[in-house]
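A.B. asks: Remember, the working numbering sits 3 above the position in the sequence shown when you count from 1.
Read the hints as simulated data drawn from the structure, not as lab findings.
Worth double-checking, as some hints may not be accurate.
[As the list claims (entries may be wrong)] Straight-line Cα separation of at most 25 Å, SDA-like style, residue types lysine to any residue; simulated pairs:
hint, residue 1, residue 2
1, LYS232, THR253
2, LYS305, ILE263
3, LYS328, ARG59
4, LYS339, LEU349
5, LYS92, THR44
6, LYS224, LYS347
7, LYS92, ASP110
8, LYS176, GLN206
9, LYS227, ILE255
10, LYS92, LYS328
11, LYS347, GLY80
12, LYS226, ARG195
13, LYS227, ARG159
14, LYS273, THR253
15, LYS328, LYS227
16, LYS224, GLU162
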Amino acid sequence: MNSFSTRVLNWFDEHGRKHLPWQQAISAYRVWVSEIMLQQTQVTTVIPYFERFMARFPTVRALAEAPQDDVLHLWTGLGYYARARNLHKAAQQIATQYNGEFPPTLDEVVALPGIGRSTAGAILSIACGQSHPILDGNVKRVLARYYAVEGWPGKRQVEEQLWQYATQNTPDKRTNHYTQAMMDLGAMICTRSKPACDRCPLQSDCIAYAQGNQTDYPGKKPKKILPVKSTVMWIPFYQGSVLLRQRPATGIWGGLWSFIESEDADSVPKDVAQFIGSDFDAQLLTPFRHTFSHYHLDIQPKLLHCESLSAVIAEAGHSWVSLHKPLQLGVPTPVKRLLTDLIKQL
4 MNSFSTRVLN
14 WFDEHGRKHL
24 PWQQAISAYR
34 VWVSEIMLQQ
44 TQVTTVIPYF
54 ERFMARFPTV
64 RALAEAPQDD
74 VLHLWTGLGY
84 YARARNLHKA
94 AQQIATQYNG
104 EFPPTLDEVV
114 ALPGIGRSTA
124 GAILSIACGQ
134 SHPILDGNVK
144 RVLARYYAVE
154 GWPGKRQVEE
164 QLWQYATQNT
174 PDKRTNHYTQ
184 AMMDLGAMIC
194 TRSKPACDRC
204 PLQSDCIAYA
214 QGNQTDYPGK
224 KPKKILPVKS
234 TVMWIPFYQG
244 SVLLRQRPAT
254 GIWGGLWSFI
264 ESEDADSVPK
274 DVAQFIGSDF
284 DAQLLTPFRH
294 TFSHYHLDIQ
304 PKLLHCESLS
314 AVIAEAGHSW
324 VSLHKPLQLG
334 VPTPVKRLLT
344 DLIKQL
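Throw the hints in and build the complete structure from the sequences for me.
C.D. replies: Here is the structure:
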């Protein structure tokens, strides 16, 4: 154990987080679910989602046997829904290939859907006591500042250098605590802006601190202008219910339930018209923008107040959902926003 890891562990023993929900009754399954949820999401946001998820799916096998709709429903609001789909697929794989027991080796864990090297290392270190380095966003920031690593960590050469530093500092003993300590240090002390260097155990030989340019590290992702797309979301409304359609399993919002979309706001698309009668009033709702990582989506919602419905019964993949009952389907954030607004108007 070198000076770096010793100082980090000493700091963790006194200041580290030890009472998060996934730190109680530690298991590979609980750590895995928490690590996936924590990707791109703050701890305070994750906690209630994690607790609801564990209450509904307490074991890998319970998750594997659940319908995907149930999994996506509990994920609604967390975003990045591919995480939930991959979690479900991986649970099914663990149930069939490993009899419901989490695989014991790094190579086997990395082979599961949605699990990369860092997440696999965190699971096996924290839950199984194995010694593996991790390199999540918090750890990248700590190491990039401590060693003054130039460049954006998304570049292969920069990431490889950070992995080298992560590996050389990961101890053989107390790796479970060290792994959590590095994540805590990045989240609590070595933050993106206004890092609390006066309370950092690594301050004495941190190169970025000595240079006085901590916030220059890690290097920023090269900026690019996001393209803008637009869509019309059609909201047939009849006797307190709205029509939703399940999206394809792959692609944006894969497997989630959404409103039928089209590019033209002037004419009701056939996919909508077949389910509603000819007697309806159309109302344009306030447009808004939803931003993905790679483009902006300008959404124009159009509410159709239907006096009656056609004789066509909603076919598979379509559902009339009552606004008077708790939603049991997984929906993307913009749809959840629209549903919430409609419920307020009832």
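A.B. asks: It remains to establish, for every hint, whether it holds in the given structure.
C.D. replies: Here is what the structure says about each hint:
A threshold of 25 Å between alpha carbons decides the hint, and for LYS232 with THR253 the separation of about 19 Å falls inside it, so the pair holds. The hinted pair formed by LYS305 and ILE263 meets the criterion: a straight-line CA distance of about 10 Å does not exceed 25 Å. A hinted pair counts as satisfied when its Cα atoms are at most 25 Å apart, and LYS328 with ARG59 qualifies at roughly 19 Å. A distance of roughly 16 Å separates the Cα atoms of LYS339 and LEU349; the hinted pair therefore holds under the 25 Å criterion.
Taking the CA atoms of LYS92 and THR44, the gap is about 21 Å. The hint holds against a cut of 25 Å. Between LYS224 and LYS347 the CA atoms are separated by roughly 40 Å; this puts the pair beyond 25 Å, and the hint is violated. Restraint check for LYS92 and ASP110: satisfied, since their Cα atoms lie roughly 17 Å apart, inside the 25 Å limit. Taking the CA atoms of LYS176 and GLN206, the gap is about 23 Å. The hint holds against a cut of 25 Å.
A threshold of 25 Å between alpha carbons decides the hint, and for LYS227 with ILE255 the separation of about 20 Å falls inside it, so the pair holds. Restraint check for LYS92 and LYS328: not satisfied, since their Cα atoms lie roughly 29 Å apart, outside the 25 Å limit. Only pairs whose Cα atoms come within 25 Å are accepted, and LYS347 paired with GLY80 is accepted, the gap being roughly 19 Å. The suggested pairing of LYS226 with ARG195 holds, with an alpha-carbon distance near 17 Å, which does not exceed 25 Å.
The suggested pairing of LYS227 with ARG159 holds, with an alpha-carbon distance near 19 Å, which does not exceed 25 Å. A threshold of 25 Å between alpha carbons decides the hint, and for LYS273 with THR253 the separation of about 23 Å falls inside it, so the pair holds. A C-alpha spacing of about 42 Å is found between LYS328 and LYS227, which places the hinted pair above 25 Å, so the restraint is violated. A C-alpha spacing of about 13 Å is found between LYS224 and GLU162, which places the hinted pair at or below 25 Å, so the restraint holds.
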